[in-house]
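Taken in order, these protein sequences are the chains called A and B. In terms of our numbering, the first sequence opens at residue 573 and continues consecutively. In terms of our numbering, the second sequence opens at residue 573 and continues consecutively.
Because the hints were derived from the structure by calculation, they are not lab data. Check the hints yourself; a few may be wrong.
Copies of the same chain are indistinguishable here, so a pair counts whether it falls within one copy or spans any two.
Said to hold, decoys possible - In silico lysine-lysine, DSS-like type, Cα no more than 27 Å apart, as pairs:
hint, residue 1, residue 2
1, K820, K717
2, K717, K576
3, K815, K793
4, K815, K623
5, K840, K750
6, K688, K632
7, K682, K815
8, K785, K717
9, K840, K820
10, K840, K815
11, K576, K787
12, K576, K632
13, K815, K785
14, K793, K741
15, K787, K621
Note that this is a predicted model, so its numbers are computed, not measured.
Number of protein chains: 2
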Amino acid sequence: MSEKIRIGIVGYGNLGRGAELAVLQNPDMELIAVFTRRDPKLIRVSTEKVKVLPAKQAEKMINEIDVMILCGGSARDLPEQGPYFAQMFNTVDSFDTHARIPEYFAAMDKAAMAGKKTGIISIGWDPGLFSLQRMLAEAILPQGKEYTFWGRGVSQGHSDAIRKVPGVKYGVQYTIPKEDAVTRVRRGETPHLSAGDKHLRQCYVVAEEDADKEKIAAEIKSMPNYFADYETQVIFITEEQFKQEHTKMPHGGFVLRSGITGSNREHKQLMEFSLKLESNPEFTASVLVAYARAAYRLSGEGRYGAKTIFDIPLAYISPRSPAELRRELL
Amino acid sequence: MSEKIRIGIVGYGNLGRGAELAVLQNPDMELIAVFTRRDPKLIRVSTEKVKVLPAKQAEKMINEIDVMILCGGSARDLPEQGPYFAQMFNTVDSFDTHARIPEYFAAMDKAAMAGKKTGIISIGWDPGLFSLQRMLAEAILPQGKEYTFWGRGVSQGHSDAIRKVPGVKYGVQYTIPKEDAVTRVRRGETPHLSAGDKHLRQCYVVAEEDADKEKIAAEIKSMPNYFADYETQVIFITEEQFKQEHTKMPHGGFVLRSGITGSNREHKQLMEFSLKLESNPEFTASVLVAYARAAYRLSGEGRYGAKTIFDIPLAYISPRSPAELRRELL
Chain A
573 MSEKIRIGIV GYGNLGRGAE LAVLQNPDME LIAVFTRRDP KLIRVSTEKV KVLPAKQAEK
633 MINEIDVMIL CGGSARDLPE QGPYFAQMFN TVDSFDTHAR IPEYFAAMDK AAMAGKKTGI
693 ISIGWDPGLF SLQRMLAEAI LPQGKEYTFW GRGVSQGHSD AIRKVPGVKY GVQYTIPKED
753 AVTRVRRGET PHLSAGDKHL RQCYVVAEED ADKEKIAAEI KSMPNYFADY ETQVIFITEE
813 QFKQEHTKMP HGGFVLRSGI TGSNREHKQL MEFSLKLESN PEFTASVLVA YARAAYRLSG
873 EGRYGAKTIF DIPLAYISPR SPAELRRELL
Chain B
573 MSEKIRIGIV GYGNLGRGAE LAVLQNPDME LIAVFTRRDP KLIRVSTEKV KVLPAKQAEK
633 MINEIDVMIL CGGSARDLPE QGPYFAQMFN TVDSFDTHAR IPEYFAAMDK AAMAGKKTGI
693 ISIGWDPGLF SLQRMLAEAI LPQGKEYTFW GRGVSQGHSD AIRKVPGVKY GVQYTIPKED
753 AVTRVRRGET PHLSAGDKHL RQCYVVAEED ADKEKIAAEI KSMPNYFADY ETQVIFITEE
813 QFKQEHTKMP HGGFVLRSGI TGSNREHKQL MEFSLKLESN PEFTASVLVA YARAAYRLSG
873 EGRYGAKTIF DIPLAYISPR SPAELRRELL
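Whole structure, please, built from the sequences with the hints as guidance.
Next up, the structure:
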């Protein structure tokens with residue numbers, strides 16, 4: 573490829589910074605600009621060649637940018653930002669509010685079709701790679717049962733919930749797959765397991781100086797939706813411990829399908845896809861950046877509208893040519 | 573889908589029988605006929621509704637069959653059968669001679685284009701699912717190293733090689749990943765490992781009555797290409813033991829990519845896809861059958877010619893509609 577794919581990033585939090593780093597690993601891409609709602613002067617990007625612009629100036633960059641990577645959150649940013657950018661740019665985003673995906677897809681499809689652009693939604697690892705593996709495994713082993721385990725890793729939503737409890741100064745929550753459940757499904761058993769049967773929630777908390785720790789622990793453990801239905805551990809630590817050991821963002825998990833083939837003599841067949849990530853946002857951003865390549869190519873072929881990970885031939889995310897893929901990787 | 577996808581199977585060995593069983597698990601498909609070069613009277617299929625016909629009569633069935641699953645071997649059958657069937661039928665096959673894939677692709681593409689059919693080649697798990705995972709992981713983590721381990725499982729090629737050694741009555745070879753190598757790569761190390769560093773070859777042999785066992789073992793262990801470069805164990809057993817414990821066809825393995833993201837502070841990221849199969853041919857056949865659905869759909873859209881697993885949007889192998897996939901699996 574002679575011309576590089578020109579990338580823009582909207583939103584410069586953990587995910588946006590991860591996307592910037594991921595672009596640097598892909599020689600067929602070039603980061604043109606970062607768009608922010610904060611004061612651009614406060615943002616320091618990797619090189620001076622990358623512009624930092626107010627989000628509102630994006631429309632002036634229509635001819636400068638091939639694909640916009642939307643790094644905002646699903647709750648408040650993307651429902652608005654997504655369709656706004658999709659009518660002007662090819663986009664990739666990580667919309668992850670599972671229940672609202674059909675609605676978001678429809679809005680993105682409408683905007684992208686109107687602008688003759690391609691908008692790839694819900695990319696990352698869940699939704700994203702895990703969805704792809706669930707679909708793949710189900711199609712191959714229709715007679716079977718699927719299990720998704722998350723962790724060991726930090727859940728932002730649960731960490732936020734802890735930090736809202738009175739008396740909590742800092743807090744982080746790790747989701748941890750339960751060993752016994754993991755062992756059973758990897759052995760090919762197909763038990764019925766609730767999310768609580770599969771996962772343990774471990775909370776590391778720094779309490780305010782004169783806070784009642786027992787009360788904090790009780791309040792966390794009884795929080796509906798977040799903790800009440802889970803085995804929850806609350807561990808109090810010092811501020812120093814917190815800053816030294818609990819500021820990283822590891823995550824991971826796995827999707828396993830336990831299936832059966834054969835007739836008289838049945839055979840167990842296990843498919844498993846797993847991730848062990850030292851940095852969740854950097855990995856998620858790496859997936860977004862690979863799919864930016866697909867958005868660019870699909871758009872170049874006139875395949876406009878909203879797309880998901882299910883719709884895209886995998887070759888579209890690789891920098892290699894189809895002939896090279898067949899020769900080297902098949 | 574109101575009308576079922578009408579399937580034909582060419583070749584009725586382990587893979588063909590597996591395909592027959594897999595079709596039964598997919599309510600949107602129907603097996604119409606099995607084609608064989610043997611005497612059709614000698615073949616017993618699952619129900620009387622399925623015809624058993626000489627391979628040469630396939631051309632009379634052009635209007636009865638939507639997709640032909642080619643279950644012949646890569647060495648002698650497919651190079652001839654593939655293009656022959658691809659000009660008349662949509663096809664799926666498991667062509668697995670890695671070095672000859674470009675040549676086979678070209679021949680299949682020419683035949684399928686001439687007949688306005690879709691021919692999906694090299695489907696199964698390696699090549700196939702493992703190829704797909706290698707490609708996916710490389711595109712997401714360009715800075716990294718990929719490892720494929722095979723086993724624990726029976727290698728047909730190596731078992732055949734053992735059985736050609738004078739004095740061997742029965743023999744089977746298991747390829748086994750070496751624990752220490754597996755541990756290192758799962759820990760995120762990126763050592764250089766040859767196939768011999770990664771795998772152990774375990775041979776179970778039944779010797780002829782007055783054969784020289786030491787000579788047999790030495791001959792196996794020194795066999796170039798097959799065993800000489802590997803740690804090889806030769807274990808002599810009785811015919812009874814062999815028949816009781818070594819006639820199944822388990823296999824599996826995993827593809828792991830160990831990558832790095834970030835800049836100043838680097839983060840290790842591990843992606844792994846693994847299979848544990850009690851029946852290798854039944855699983856491979858299940859993959860072929862899922863991709864038969866894709867061949868049918870691609871052909872229906874006029875997307876003719878040869879395709880590989882890299883070219884096909886995953887949604888095409890699922891019986892679910894795109895809207896249902898977004899709602900249920902994304």
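Right, here's what the structure says about each hint:
Taking the closest pair of Cα atoms, K820 and K717 come within 27 Å of each other only across two copies (24 Å); inside a single copy the shortest separation is 33 Å, beyond that limit. Taking the shortest Cα distances, K717 and K576 sit within 27 Å of each other only across copies (24 Å), while inside one copy they are farther apart (43 Å). In this assembly of identical chains, K815 and K793 lie within 27 Å of each other by CA distance solely inside one copy; the values are 23 Å within and 56 Å between copies. In the homo-oligomer, the alpha carbons of K815 and K623 never lie at most 27 Å apart, since the shortest distance is 32 Å inside one protomer and 70 Å across protomers.
Both within a single protomer and between protomers do K840 and K750 lie at most 27 Å apart by alpha-carbon distance, with minima of 23 Å and 23 Å respectively. Only within a single protomer do K688 and K632 lie at most 27 Å apart by alpha-carbon distance; the minimum there is 17 Å, versus 46 Å between protomers. Taking the closest pair of Cα atoms, K682 and K815 never come within 27 Å of each other, the shortest separation being 45 Å inside a single copy and 63 Å across copies. Taking the closest pair of Cα atoms, K785 and K717 never come within 27 Å of each other, the shortest separation being 41 Å inside a single copy and 46 Å across copies.
Proximity of K840 to K820 under the C-alpha cut-off of 27 Å is restricted to the inter-copy arrangement: shortest distance 12 Å between copies versus 38 Å within a copy. Proximity of K840 to K815 under the C-alpha cut-off of 27 Å is restricted to the inter-copy arrangement: shortest distance 21 Å between copies versus 46 Å within a copy. In the homo-oligomer, the alpha carbons of K576 and K787 never lie at most 27 Å apart, since the shortest distance is 57 Å inside one protomer and 61 Å across protomers. In the homo-oligomer, the alpha carbons of K576 and K632 lie at most 27 Å apart inside one protomer (20 Å), although the nearest pairing across protomers, at 52 Å, exceeds that limit.
For the identical chains of this complex, K815 and K785 are intra-copy neighbours only, at 20 Å inside a copy versus 64 Å across copies, given an alpha-carbon limit of 27 Å. With identical chains, the CA atoms of K793 and K741 are at most 27 Å apart within one copy only, with a shortest distance of 17 Å there and 65 Å across copies. With identical chains, the CA atoms of K787 and K621 are never at most 27 Å apart, being 52 Å at best within one copy and 70 Å at best between copies.
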